[in-house]
Amino acid sequence: MEKKIYLDNAATTKTRPEVVEAMLPYFTELYGNPSSIYEFSAQVKRGIDEARAKVAKVIGAESSEIFFTGGGTEADNWALKAVAEVYASKGNHIITSKIEHHAILHTCEYLEKNGVEVTYIDVDENGIIKLDQLERAIRPTTILISVMFANNEIGTIQPIKEIGAIAKKHDILFHTDAVQAFGQVPIDVNEMNIDMLSASAHKLNGPKGIGCLYIRKGIKLRSFIHGGGQERKRRAGTENVPGIIGFGKAAEIALETMEERARKEIRLRDLLMKRILDEIPFVRVNGDKVRRLPNNVNVSFQFIEGESLLIMLDMNNICASSGSACTSGSLDPSHVLLAIGLPHEIAHGSLRLTVGHENTEEEINFTVDRIKEIVEKLRRMSPLYEDFMKKKQ
Amino acid sequence: MEKKIYLDNAATTKTRPEVVEAMLPYFTELYGNPSSIYEFSAQVKRGIDEARAKVAKVIGAESSEIFFTGGGTEADNWALKAVAEVYASKGNHIITSKIEHHAILHTCEYLEKNGVEVTYIDVDENGIIKLDQLERAIRPTTILISVMFANNEIGTIQPIKEIGAIAKKHDILFHTDAVQAFGQVPIDVNEMNIDMLSASAHKLNGPKGIGCLYIRKGIKLRSFIHGGGQERKRRAGTENVPGIIGFGKAAEIALETMEERARKEIRLRDLLMKRILDEIPFVRVNGDKVRRLPNNVNVSFQFIEGESLLIMLDMNNICASSGSACTSGSLDPSHVLLAIGLPHEIAHGSLRLTVGHENTEEEINFTVDRIKEIVEKLRRMSPLYEDFMKKKQ
Amino acid sequence: MYSQKVMDHFTNPRNVGEIENASGVGTVGNAKCGDIMRMYLDIDDNGVIRDVKFKTFGCGAAVATSSMATELVKGKTIQEALKVTNKAVMEALDGLPPVKVHCSLLAEEAIHAALWDYAEKKGIKIEGLDKPKSDIHEDEEQEED
Amino acid sequence: MYSQKVMDHFTNPRNVGEIENASGVGTVGNAKCGDIMRMYLDIDDNGVIRDVKFKTFGCGAAVATSSMATELVKGKTIQEALKVTNKAVMEALDGLPPVKVHCSLLAEEAIHAALWDYAEKKGIKIEGLDKPKSDIHEDEEQEED
Ligand SMILES: Cc1ncc(COP(=O)(O)O)c(C=O)c1O
Ligand SMILES: Cc1ncc(COP(=O)(O)O)c(C=O)c1O
Numbered sequence: 001m002e003k004k005i006y007l008d009n010a011a012t013t014k015t016r017p018e019v020v021e022a023m024l025p026y027f028t029e030l031y032g033n034p035s036s037i038y039e040f041s042a043q044v045k046r047g048i049d050e051a052r053a054k055v056a057k058v059i060g061a062e063s064s065e066i067f068f069t070g071g072g073t074e075a076d077n078w079a080l081k082a083v084a085e086v087y088a089s090k091g092n093h094i095i096t097s098k099i100e101h102h103a104i105l106h107t108c109e110y111l112e113k114n115g116v117e118v119t120y121i122d123v124d125e126n127g128i129i130k131l132d133q134l135e136r137a138i139r140p141t142t143i144l145i146s147v148m149f150a151n152n153e154i155g156t157i158q159p160i161k162e163i164g165a166i167a168k169k170h171d172i173l174f175h176t177d178a179v180q181a182f183g184q185v186p187i188d189v190n191e192m193n194i195d196m197l198s199a200s201a202h203k204l205n206g207p208k209g210i211g212c213l214y215i216r217k218g219i220k221l222r223s224f225i226h227g228g229g230q231e232r233k234r235r236a237g238t239e240n241v242p243g244i245i246g247f248g249k250a251a252e253i254a255l256e257t258m259e260e261r262a263r264k265e266i267r268l269r270d271l272l273m274k275r276i277l278d279e280i281p282f283v284r285v286n287g288d289k290v291r292r293l294p295n296n297v298n299v300s301f302q303f304i305e306g307e308s309l310l311i312m313l314d315m316n317n318i319c320a321s322s323g324s325a326c327t328s329g330s331l332d333p334s335h336v337l338l339a340i341g342l343p344h345e346i347a348h349g350s351l352r353l354t355v356g357h358e359n360t361e362e363e364i365n366f367t368v369d370r371i372k373e374i375v376e377k378l379r380r381m382s383p384l385y386e387d388f389m390k391k392k393q
Numbered sequence: 001m002e003k004k005i006y007l008d009n010a011a012t013t014k015t016r017p018e019v020v021e022a023m024l025p026y027f028t029e030l031y032g033n034p035s036s037i038y039e040f041s042a043q044v045k046r047g048i049d050e051a052r053a054k055v056a057k058v059i060g061a062e063s064s065e066i067f068f069t070g071g072g073t074e075a076d077n078w079a080l081k082a083v084a085e086v087y088a089s090k091g092n093h094i095i096t097s098k099i100e101h102h103a104i105l106h107t108c109e110y111l112e113k114n115g116v117e118v119t120y121i122d123v124d125e126n127g128i129i130k131l132d133q134l135e136r137a138i139r140p141t142t143i144l145i146s147v148m149f150a151n152n153e154i155g156t157i158q159p160i161k162e163i164g165a166i167a168k169k170h171d172i173l174f175h176t177d178a179v180q181a182f183g184q185v186p187i188d189v190n191e192m193n194i195d196m197l198s199a200s201a202h203k204l205n206g207p208k209g210i211g212c213l214y215i216r217k218g219i220k221l222r223s224f225i226h227g228g229g230q231e232r233k234r235r236a237g238t239e240n241v242p243g244i245i246g247f248g249k250a251a252e253i254a255l256e257t258m259e260e261r262a263r264k265e266i267r268l269r270d271l272l273m274k275r276i277l278d279e280i281p282f283v284r285v286n287g288d289k290v291r292r293l294p295n296n297v298n299v300s301f302q303f304i305e306g307e308s309l310l311i312m313l314d315m316n317n318i319c320a321s322s323g324s325a326c327t328s329g330s331l332d333p334s335h336v337l338l339a340i341g342l343p344h345e346i347a348h349g350s351l352r353l354t355v356g357h358e359n360t361e362e363e364i365n366f367t368v369d370r371i372k373e374i375v376e377k378l379r380r381m382s383p384l385y386e387d388f389m390k391k392k393q
Numbered sequence: 001m002y003s004q005k006v007m008d009h010f011t012n013p014r015n016v017g018e019i020e021n022a023s024g025v026g027t028v029g030n031a032k033c034g035d036i037m038r039m040y041l042d043i044d045d046n047g048v049i050r051d052v053k054f055k056t057f058g059c060g061a062a063v064a065t066s067s068m069a070t071e072l073v074k075g076k077t078i079q080e081a082l083k084v085t086n087k088a089v090m091e092a093l094d095g096l097p098p099v100k101v102h103c104s105l106l107a108e109e110a111i112h113a114a115l116w117d118y119a120e121k122k123g124i125k126i127e128g129l130d131k132p133k134s135d136i137h138e139d140e141e142q143e144e145d
Numbered sequence: 001m002y003s004q005k006v007m008d009h010f011t012n013p014r015n016v017g018e019i020e021n022a023s024g025v026g027t028v029g030n031a032k033c034g035d036i037m038r039m040y041l042d043i044d045d046n047g048v049i050r051d052v053k054f055k056t057f058g059c060g061a062a063v064a065t066s067s068m069a070t071e072l073v074k075g076k077t078i079q080e081a082l083k084v085t086n087k088a089v090m091e092a093l094d095g096l097p098p099v100k101v102h103c104s105l106l107a108e109e110a111i112h113a114a115l116w117d118y119a120e121k122k123g124i125k126i127e128g129l130d131k132p133k134s135d136i137h138e139d140e141e142q143e144e145d
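Chains A, B, C and D, in that order, give the protein sequences.
Going letter by letter, the first sequence gives residues 1 to 393 in this note's numbering.
Going letter by letter, the second sequence gives residues 1 to 393 in this note's numbering.
Going letter by letter, the third sequence gives residues 1 to 145 in this note's numbering.
Going letter by letter, the fourth sequence gives residues 1 to 145 in this note's numbering.
Any given hint might turn out to be false.
[Claimed, not checked] With the Cβ distance kept under 7 Å, some of the chain A side facing chain B (calculated, not the full set):
#1 Thr28
#2 Tyr31
#3 Gly71
#4 Glu74
#5 Asn77
#6 His106
#7 Gly209
#8 Asn240
#9 Val241
#10 Asn316
#11 Cys319
#12 Thr360
Read the hints as simulated data drawn from the structure, not as lab findings.
From a predicted model like this one, the values you see are computed outputs, not experimental measurements.
C-beta: ideal position from N, C-alpha, C; glycine also.
Hey, can you work out the whole structure from these sequences and the hints?
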């Protein structure tokens with residue numbers, strides 16, 4: 001195929017043309033600073049209000065509970081660091097999972113250096129958090145439970161409602177990194193007892209560099225970025241107005257099209273998974289089969305290494321990932337794949353394909369054909385495959 | 001005039017059409033995540049590299065010393081909080097000025113609650129920092145001097161080179177908030193001994209929501225936002241690619257056009273100032289007459305209050321500001337105007353007009369005509385003016 | 001930011017000016033907060049406010065509430081005027097932004113101060129009128145930290 | 001990310017395969033780091049490397065350095081082969097990204113391991129050849145905190 005086949009929608013997505021369209025006026029026409037008092041800026045403020053309402057609606061929140069940030073990572077940092085500080089008098093213990101995104105894990109490591117204690121809960125072989133272990137980990141000093149809504153590598157969706165119930169029962173704040181789930185699967189912060197939630201626009205066909213932290217009304221949380229009085233004095237800095245408008249538009253479209261997109265993506269996802277499993281030997285699927293994001297396929301090919309596979313796919317104009325986009329270039333296999341119990345060499349041979357609403361069945365079939373050829377080629381040059389076949393004989 | 005007259009370029013600026021043009025492909029075509037390894041993303045990475053070089057060039061820095069952030073405020077927060085933490089073993093004292101932006105002042109207040117000691121240096125009646133006081137304030141525990149390059153309200157440009165020399169002499173890190181100066185006046189981080197510098201794209205006809213922190217090579221500085229390995233592991237979070245590209249383009253144009261723009265803006269600025277001073281009684285100009293940003297006019301009209309003036313200007317389609325955009329809505333008069341010694345009632349009657357390269361002489365003249373009428377009208381209903389005139393008789 | 005009513009009263013304020021030899025004059029507020037209001041009352045022998053004028057140094061809301069307050073007390077008796085609360089002024093203006101509510105308090109205070117001045121000059125005591133404070137402070141909510 | 005030379009050797013690796021009854025076989029690296037290289041040498045009685053084959057489990061750089069290393073030692077004497085350092089392999093490939101330099105070390109190690117195996121089988125000692133480590137560790141720079 002001449003055309004690029006983009007199967008890395010968990011890393012980032014194409015901004016929808018309608019979203020860009022909505023943003024455009026805010027660069028060269030409605031460029032006023034929303035903090036100014038003239039009418040020119042009031043128009044901008046109204047645009048922000050509308051966007052905020054659209055974002056809030058996706059998770060059943062109030063507009064006033066949405067605080068825009070520079071992305072999902074900032075939202076995660078804010079939630080964890082601010083809770084650790086504001087609730088220090090109550091305790092210094094945070095509970096999270098072993099398969100969080102680095103935005104959570106590296107923030108936890110930072111906090112650990114500053115006297116916070118963190119318990120990292122195990123997940124089962126499908127990547128689902130061990131609820132009993134989580135509840136047992138609660139101490140009188142526990143101030144926060146932070147568990148991601150859906151995993152960025154293996155697509156597993158956590159039992160968020162159950163975690164929310166546990167948090168509520170023990171009167172502990174509950175934060176969820178919903179960067180991968182926001183706009184993709186139904187979320188209701190009230191029903192699920194979510195106190196704080198992180199999202200990022202570029203994962204739902206919105207622009208990069210804008211996200212939000214949902215903070216339940218009544219929760220005390222200091223600013224993470226101090227300065228001007230923007231975002232009701234909770235997040236300083238001139239608002240990224242076009243970004244906010246784009247996030248709003250993307251959220252609106254994501255909500256409207258959620259069911260239809262999920263149906264289509266699940267069809268493509270399942271086709272992809274089925275053909276790979278049927279036609280390539282020595283493969284395993286990672287992540288839960290049922291509690292799974294509509295767009296995520298994660299498979300491990302025994303005896304081969306993921307980067308080689310990615311480069312060969314790239315030479316066929318297929319964009320894919322071998323774990324988190326953030327960690328490629330790193331030498332360690334993905335912490336998520338290790339946490340679900342994969343041995344190192346299997347973890348290294350993993351491939352993540354994340355479909356989007358623009359992908360076609362034809363693209364999927366072309367991709368599987370290429371994967372088959374490449375896996376065969378790489379196995380032919382693999383010493384591990386050689387050893388395995390010799391042992392079998 | 002039917003058309004809007006925008007005279008609030010210190011609050012924010014219109015994004016240049018060429019900048020938007022440069023950004024556009026990065027939304028819907030070159031949307032790949034720069035951390036991914038496929039060629040599709042390599043193009044994006046190259047775009048970022050070019051933008052980084054353009055930003056670096058404006059201040060005579062190396063590309064590798066530029067770290068993109070979500071704006072000027074984040075850059076300010078990062079510099080101060082990270083230095084306070086990383087250099088805690090060396091000391092806990094920071095020196096800054098009384099007329100910093102809230103991004104610095106509120107961050108300092110936050111740090112003060114956490115054991116950091118901050119000295120706020122006075123400025124003279126023109127807003128220039130007292131260098132002797134600054135040098136005397138240095139203690140063995142001083143770890144940072146942070147003084148803004150140019151003030152956002154009164155336009156005064158600080159003796160940055162002299163401050164840099166003092167910092168160097170005492171082996172103390174020097175940060176400058178150059179959000180208002182970057183791309184407007186010549187800056188050379190080496191000549192001026194600047195160790196860290198904050199900038200924000202939307203002040204130079206670039207997009208909102210993107211800025212940078214310059215960090216001199218060799219300076220140890222922890223991340224402020226933890227997570228993925230972006231920005232050479234110093235600033236986590238998926239890069240705001242269109243924002244970065246737009247910042248690069250805006251920086252390039254700002255550097256190319258700096259002299260020409262300054263000439264034009266100074267002409268408009270001086271016309272504005274001269275006519276106001278000549279034609280309206282009981283006015284004073286705030287800020288230094290010479291060491292001043294090319295675009296800044298700040299005047300105080302005795303006996304009247306700024307917001308009324310702003311609203312009446314707004315009714316004439318003129319956008320202006322009465323102090324910092326961030327502080328409007330607040331009840332206190334600007335801390336900057338108080339710091340240069342204005343009594344409260346004079347500070348309340350201040351007006352900031354900041355011109356841009358698109359303004360015309362016609363607009364300036366129209367604006368002065370309106371200001372004259374409005375000031376007269378407001379004085380007619382002012383009890384302070386009444387008292388003053390009665391006393392005079 | 002402001003309602004149409006506020007904008008109307010700000011742009012075309014009613015009863016701006018002074019009254020020579022006024023029955024009572026009251027000035028409240030201070031320059032620190034950026035609002036000063038002066039109210040002139042002309043009260044006839046029946047205790048009816050025949051005329052009222054104001055001068056205000058302050059924001060749009062301050063001017064508009066002064067203007068509206070003068071309208072509300074004009075032609076009223078002293079006792080009726082005392083019932084013109086800040087709430088009444090705000091309602092008559094279709095509301096004010098939260099940050100501007102203190103302006104309406106100032107208008108109420110200005111009327112009271114002028115009435116107090118009237119009472120002092122007359123040597124009488126007005127039922128239900130206390131000596132006005134000259135300053136209005138507000139506790140601004142600090143959400144940030 | 002990779003030079004054209006690397007991409008060429010990755011896409012069309014030279015000398016992939018096995019040698020039956022090889023004079024020496026060496027396997028280095030480990031699955032933890034994601035790189036395993038196996039080198040087969042066919043050495044004639046004059047100590048000249050007549051043929052060489054490799055198999056590699058690893059990233060693009062690992063495959064390309066294996067391929068290049070086989071080209072560099074083929075037809076060489078044992079002593080010449082010992083001089084094929086990781087630097088030589090990297091240079092021949094027009095460089096590697098910093099994070100991938102360890103792959104070139106692995107290729108050097110693999111040759112050494114195969115020669116060691118040859119020497120052991122032959123019961124000889126090769127001048128300048130030490131027992132290879134089986135693991136290659138690298139100290140990744142941690143800039144973040
Ligand atoms: C689960 C998860 N959390 C957080 C992030 C960070 O979001 P961003 O890169 O927008 O800061 C990502 C994506 O990179 C993610 O997948
Ligand atoms: C001097 C100064 N510093 C910092 C900032 C904050 O920049 P930003 O609003 O882009 O975060 C501004 C403008 O708002 C400013 O003028």
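Hint check:
Nearest Cβ of chain B to the Cβ of Thr28 of chain A: about 6 Å, under the 7 Å cut. The hint holds. For Tyr31 of chain A, the interface hint holds, the least distance from its beta-carbon to any beta-carbon of chain B being 5 Å, beneath 7 Å. For Gly71 of chain A, the suggested interface contact is upheld, since its CB lies about 4 Å from the closest CB of chain B, less than 7 Å. Interface restraint check for Glu74 of chain A: the shortest CB-CB distance to chain B comes to about 6 Å, inside 7 Å, so the restraint holds.
Nearest Cβ of chain B to the Cβ of Asn77 of chain A: about 5 Å, under the 7 Å cut. The hint holds. With a least beta-carbon distance of about 4 Å to chain B, the hint placing His106 of chain A at the interface is held under the 7 Å criterion. Nearest Cβ of chain B to the Cβ of Gly209 of chain A: about 2 Å, under the 7 Å cut. The hint holds. A hinted interface residue such as Asn240 of chain A counts as satisfied when its beta carbon comes closer than 7 Å to some beta carbon of chain B; here the least separation is about 2 Å, so the hint holds.
With 7 Å as the threshold, the beta carbon of Val241 of chain A comes within range of chain B, its nearest partner Cβ sitting at about 5 Å, so the hint holds. Given the 7 Å rule on beta carbons, the hint for Asn316 of chain A is violated: about 10 Å separates it from the nearest Cβ of chain B. The criterion of a C-beta within 7 Å of any C-beta in chain B is met by Cys319 of chain A, whose closest approach is roughly 5 Å, and the hint holds. Interface restraint check: Thr360 of chain A against chain B, minimum CB-CB distance 18 Å, threshold 7 Å, status violated.
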